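Q: If you follow the hints, you should be able to join the two separate chains into one complex; please do so.
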Amino acid sequence: MKYQSLKWLLALSLISTAHAENVFVTLEKDNALAIVNPIEGKLLKTVPVGQRPRGIALSPDNKYLYIATSDDNTIKIFDAETFKELGKLPSGKDPETFALNPAGDKMYVSNEDDSLVTVIDIKSKKVLKQIKVGVEPEGITVSPDNKWLISVSETTNMVHWIDTKTNAIVANTLVDARPRAANFTPDSQQLWVTSEMAGTLLIIDSQSKQIIKTVNFDVSGITNDKIQPVGVIIDKDRNKGYVALGPANRVAVINAKTYEVEKVLLVGQRVWNLAFSPDQKRLYTTNGTSNDISLIDLETQTVTKSIGVGTYPWGVAAKP
Amino acid sequence: MRLIKYPFLTSVFSILTVIVFNFNNVQAAPKQIINIAYLTQEQNPPVALSNLDPFIKDKGVIGAELGINDNNTTGEFTGQQFNLKKFIVPIDGNVNDTFTKEISSQFKYLIVNLPATQLKPLSDLPAAKELLLFDVGTTDDSLRNEECQRHVLHLLPSRAMRADALAQYMMKKRWTQWFLVIGPNPEDKLYADAIKRSAKRFNMKIVAEKTWEHTYDARRTAQSDVAVFSQTEDPYDVLVVADEQGQFGEYLDYRTWVPRPVIGTQGLIATPWHKTHEQWGAVQIQHRFLEKAGRWMEEQDYSAYLAVRAIGEAATRTQSNELSKLKDYIFSDTFTLNGYTGTPLSFRAWDGQLRQPLLLAAPRSLVAIAPIDGFLHPKTELDTLGYDQPETHCQWNK
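So the protein sequences, as listed, match chains A and B. Position one of the first sequence corresponds to residue 19 (our numbering), numbered consecutively onward. Position one of the second sequence corresponds to residue 10 (our numbering), numbered consecutively onward.
Worth double-checking, as some hints may not be accurate.
Claimed, not checked - Here are the computed lysine-lysine pairs in the BS3-like style, where the Cα-Cα straight-line distance is at most 27 angstroms: (1) A:Lys144 with A:Lys227; (2) B:Lys40 with A:Lys150; (3) B:Lys388 with A:Lys231; (4) A:Lys281 with B:Lys388; (5) A:Lys227 with B:Lys334; (6) B:Lys334 with A:Lys231; (7) A:Lys244 with B:Lys284; (8) B:Lys40 with B:Lys129.
What the hints assert, rightly or not - Cβ pair distances, simulated, as ranges: (9) B:Leu375 with A:Val188: 52 to 60 angstroms; (10) A:Lys47 with B:Trp405: 18 to 26 angstroms; (11) B:Pro387 with A:Glu58: 43 to 51 angstroms; (12) A:Asn164 with B:Pro387: 42 to 50 angstroms; (13) B:Gln52 with A:Leu104: 52 to 60 angstroms; (14) B:His296 with A:Lys47: 13 to 21 angstroms; (15) A:Leu284 with B:Ile100: 54 to 62 angstroms.
Because the hints were derived from the structure by calculation, they are not lab data. Since we're looking at a predicted model, the values are computed, not measured. Glycine is no exception: its CB is placed at the ideal position from the N, C-alpha and C atoms.
In isolation and in its complexed conformation, chain B is listed as follows (with noise of 0.2 angstroms):
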């Protein structure tokens, strides 16, 4: 490599490796083999708010096979053939038996869509930490600081991530003076916790806060409730909630005693996708998945199509099926992915995240996109969002 320096630019040539594949040969060359496992548990549908949004069962498991038809349509040309088994354990089921007596021995790569309490203990086994696990249903900051493992990689953006594209964007608006509200869940909480950090990264003061509660009262008439519920001492520009399961988020917009809008897991919400995303060839993806599932496509899918494409792009690139080697390209300078969001996505080095832009959303309009214009970065404005690396507290070597 050969570099020439300008006052003003540098451009820098290379020779790359070289593939050229003869369509013809590959058709008759034996195919390389890229097995792919799923793994998820049937969920209890959650307590709903209305009936507008059903329960979907299947979340993630259609964005891995979106991805998997992806691989193979490239694989005809390459010469690989990609194949996904899923293992869908039953309510009642153990993750972890499954995982010893199907997954372990015969599969290298292992998409996992699991809650972080389920996916810890599965991660632990001495037998996991030979594969390379692509967590798809976690957003929890421990499993991406302090219990990070060097055999998982996390796809969904981490809370802190999202509190922090939420951040940026309320900066610009000067959005400063925030009163947040908490659910009565332990997620409510973690989800707080990340709010709490942006707002202290970011230099925005939390007014007030207050925890929600449940009760069958406040509940019927969440009308009359929440305008006693958001009165505070001090005022303030927005209402940051913190609801993930959806209880009573939705009931806050319009109810505020003060008019003032809802930012946070209701109302502008950051999320890696979202159906109102269009851009850079969104729509095309957005087309193939309503085609093949019949419905939006959800965080979880998108996460798991990412998951089997980085798989793809590596074993493409790389010309192997062999986990050392794909493991070393993925988390290579060199790998990218595309996201259909704008900018090359890749892993951090320092605790497996996904480094990705974020969606910030209204139901029914893209409001604006993280990293907000004007964050800036001496690497990529994608670090600009959750923990960087001389925040990180993960060290891998556990």
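The shape of chain A in the complex, shown without the other chains (with noise of 0.2 angstroms):
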């Protein structure tokens, strides 16, 4: 008996550790990753990557993480279990967002100083087209249903609405001063811009393509110009979406129904990046200054954890 459970035991944790989630967070002056277990809030290791690290990104069956190495002008790809580099993809200069589609075949590069998106076909390395877009181009992401990419220009404040299937511009919505990250639902109706200048989450119809709503943010304490809104993202069940709110260091909590900012969660400093654990209970937070992540509690919505990484960290990704 007394044999039984601790084979038991042993078993369970066994599986505990080969499904121990990870986070990785990519540190941008460190020219390193950090992997950092959730779970129990410690951070494991940090590996070289190579040169100013900044967008991360899973493959869909998290067998691959791709890392945009800035300063090497590539975008690399790693084993996501062992950390060895497997390839890199010929992103175009100075790669620092990018986004993969849905099917994880294709991706999409922001190139900030030519003006430019990169497609890339992941299996053979190859660019199948540039796409000429607005100034300085940051956010992009690709709808859930794989219809839409989008591509958002800093400077020129556009998001420009790409069609996956021609990679051609069908349509432009000019948004609030510097936008910088977009997201979609998950139902893919609608997409969330951040605008960092202007203070403002825009939520735009799909279909229309119009601005529904503008939502502002007010904390106590904080003028309105440290409000400057950069990470957005949309729970599963469009219920909440969450913002990063930068320099303010805080994570607005908006109701994705009525879009009212239902609460400010205090995290570290200039938080950037979010991302959502795999089961959603929990969000992660990048805090760039600070040089820590923050583990926020979904259910409880409470920040349960500060975790130092190491400098800069950027971007954020959480494999199961």
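A: So, in structure tokens, the structure goes:
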């Protein structure tokens, strides 16, 4: 009996180690990737990945990790278990942000200096097309239904709607000053865009491509020019959205039905990117200037822990 | 607009005027044209201390060109085309003649890169009042106060803004006793006046004040002369130098009798733009400028870039090229401009000065960004720099 339970315990612990969730954080100034166990709230290790790593994404099957190493002018492919470098993608100059299509076979990269979006076929590692967009493209995302590729230009203040079949711009929506990030609701019906300089969140209808709501943020004790929304993410049931408010050091919780700002949560300094845990029970934030990530428990909507990870944490992705 | 108040936060929702551009239609539609003139005059190279920094002839104009490129990339999507016509008056020419003959009847938007002594006579011309002038050449506080004009916007930070930025930093460092060294030129005196205003504003003490005299002897023997010159009766924490043309300020560092930092027009300077600046997307524009110009962006380039971008932003948002509409938009609360400095820029409604942060830079390092943390303001911390609304001497109806 005793032996039996021990065996069970051993088996259980083996399973939990094998399936332990990992959070990956790119460290812009350390040229490295931090690997964090969010359950224990511990930094497990840091591995070198290349110069000035910023954008990060996992392949849909969680086998590969893509990291934009901006100063190497490439996007590197890593094995998501061993962190061995497997190859490089021809991203063009100074890649920062990129997006994968839902199938995970195409990658779209913002080339800020050249006002271009580069379309890459991942399997052949070939550039399929370069699309001319506005000045300083930054935010980039693909709708979950794979209909739209969105590129956001920071200086032109525009959202470009690119048809994924033709790779051509079909429409443009003028948005508030210095738009940064864009993300679709999981049903692909809305696009949420943050404007850093105007301090707003814009909710755009995918059908009409018109702004249906402008959400403003007010944090007591902080002047409006410190509220600079960056990362934005919406949960799978479209109940709540979350917006990182940059140097306001807060994450705003937005009711995705009424668009009311329900709460602001204090995190680290200059919070810019966000990622859900795979079960969407937690939210992870990268805090650029306080060198840590914050863990937010979404059931209680409280910040449960900060974990120091390294210098200038930039992008974040979670692997089950 | 509907307001919902919470005990600790307020959220405001509003439906914006929505503009969606259909790309295909736009390409076929006739373009709306916005013409911008750029006026400057050739300058004689000033006396140089060394050959380290070559004289730059085209300060300002390349910034304007970069701004036009950015406006036109946006314009491709909005059906607007921006044109820049440059008027570079020869040294022996007359800028007012060029303005009257070639600019006043054809342009509504004019970027002016001229010293204060030339800007004022130009902006006083009755024909100039029908245009909107973007001053990218002066830092004079008088043009933003007693001599302010409703049709002139000032892009460069004034001397008062620069002095306040440095004073905030010195206050934070507790360098409260200042030794003020003033050059022989009238501009140096104006800079020193701004420093004195800041000292008073932030309750700092100028314990000694001396004027640097240019004698050929002194120039040759800076090594020995500065040591003697920098001895004061009362001890000081920091040497504040007012030498706008850079005729002696660089001599001071490392040569003072007691070891003291140098701040002001040399040493640690306050500037709207600097090559050491790379945060908030600044790297991108530094790259784009360097590629285009083959040199670093100077503050006049940055200001001219912002002037063109302000016109572009107003034209895009209003979908107009009419002066009155653009001017109203530029002065409205909704106008914001990205200056790659982490804070939205706008114009002060009381004197037409561009509201902007200032970089405190040493030659190879960015030391701080003003407003310095802790200097608070009920509206925007940017208004802790320079003449705030209650202090202004500007009365528009002139």
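Q: Taking the hints in turn, state whether each one holds.
A: Taking the hints in turn, this is what the structure says about them:
Annotation: proposed proximity of Lys144 (chain A) to Lys227 (chain A) is violated, straight-line Cα distance about 31 angstroms (limit 27 angstroms). For the given pair, Lys40 (chain B) sits about 19 angstroms from Lys150 (chain A) by alpha-carbon distance, which is consistent with the 27 angstroms threshold. A distance of roughly 25 angstroms separates the Cα atoms of Lys388 (chain B) and Lys231 (chain A); the hinted pair therefore holds under the 27 angstroms criterion. Distance check on the hinted pair: Lys281 (chain A) and Lys388 (chain B) sit about 23 angstroms apart at the alpha-carbon level, within 27 angstroms; holds.
Proposed proximity of Lys227 (chain A) and Lys334 (chain B) is supported: the alpha carbons are some 26 angstroms apart, at most 27 angstroms. About 25 angstroms separates the Cα atoms of Lys334 (chain B) and Lys231 (chain A), which keeps this hinted pair within 27 angstroms; it holds. Using a Cα cut-off of 27 angstroms, the hinted pair Lys244 (chain A) and Lys284 (chain B) holds, with the two alpha carbons roughly 24 angstroms apart. For the hint linking Lys40 (chain B) to Lys129 (chain B), the alpha-carbon distance of about 35 angstroms lies beyond 27 angstroms, and the restraint is violated.
For Leu375 (chain B) and Val188 (chain A), the hinted distance range of 52 to 60 angstroms is not satisfied, since their beta carbons lie about 42 angstroms from each other. The beta-carbon spacing between Lys47 (chain A) and Trp405 (chain B), approximately 48 angstroms, falls outside the hinted interval of 18 to 26 angstroms. At roughly 45 angstroms, the beta-carbon separation of Pro387 (chain B) and Glu58 (chain A) lies within the given 43 to 51 angstroms, and the hint holds. Evaluation of the 42 to 50 angstroms hint for Asn164 (chain A) and Pro387 (chain B) yields a pass: the beta carbon distance comes to about 49 angstroms.
For Gln52 (chain B) and Leu104 (chain A), the Cβ-Cβ distance of about 57 angstroms falls inside the hinted range of 52 to 60 angstroms, so the restraint holds. For His296 (chain B) and Lys47 (chain A), the hinted distance range of 13 to 21 angstroms is satisfied, since their beta carbons lie about 19 angstroms from each other. In this structure the hint that Leu284 (chain A) and Ile100 (chain B) lie 54 to 62 angstroms apart at CB holds, the actual value being about 59 angstroms.
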